[in-house]
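Counting from 56, one number per residue, gives the positions in the sequence shown under my numbering.
Hint data in this document are derived by calculation from the structure and do not stem from the laboratory. There may be inaccurate statements among the hints.
[Said to hold, decoys possible] Below, simulated DSS-like cross-link-like pairs (lysine-lysine); rule was C-alpha separation at most 25 Å, straight line:
no. : residue 1 : residue 2
1   : 188       : 165
2   : 148       : 188
3   : 165       : 148
It should be emphasised that the depicted structure is a prediction, and the values quoted were computed from it without experimental measurement.
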Amino acid sequence: MEQFVIRPADEAAGEAIHAGLRAYNRQFVPDTADLSLVVTDQEGRIIGGCDAFRMGELAMLDVLWVAEDHRDAGLGACILEQLEENAARQGAKRLELNTFGFQAPRFYEKMGYRRFGAVEQGTGSYGHYFYVKEL
56 MEQFVIRPAD EAAGEAIHAG LRAYNRQFVP DTADLSLVVT DQEGRIIGGC DAFRMGELAM
116 LDVLWVAEDH RDAGLGACIL EQLEENAARQ GAKRLELNTF GFQAPRFYEK MGYRRFGAVE
176 QGTGSYGHYF YVKEL
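Whole structure, please, built from the sequences with the hints as guidance.
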């Protein structure tokens, strides 16, 4: 039996894991692209952004984040709208995402996303919700 070590991944290992999965996926869906976005302020500080990708006609949003001191000013909506535009321009027909009850389910519903699944007690007493929007 082959010997191996399992340990917590650091940032570089996480990137290698994602790169390995992307390479595997391209065997089945070669039309892929990174759709991630970053927002910086005038001093160059990162104040928001998203981690997202496209596989053929499907775009997937993994993370959308806005710094606490920039929330409730429409920045999240701007990021999401830009992501949707970029995804649609590249041929995506829909965008899927997931969020927890303490995060932003009402925000995504306001932005036109339809909930298609839920785990009502995803973590603690918070639900885990799955959304899709046709682009």
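Taking the hints in turn, this is what the structure says about them:
Between residue 188 and residue 165 the CA atoms are separated by roughly 11 Å; this keeps the pair inside 25 Å, and the hint holds. Simply put, residue 148 and residue 188 have alpha-carbon atoms about 9 Å apart, close enough for the 25 Å limit, and the pair holds. At roughly 19 Å between alpha-carbon atoms, residue 165 and residue 148 fall within 25 Å of each other, so this suggested pair holds.
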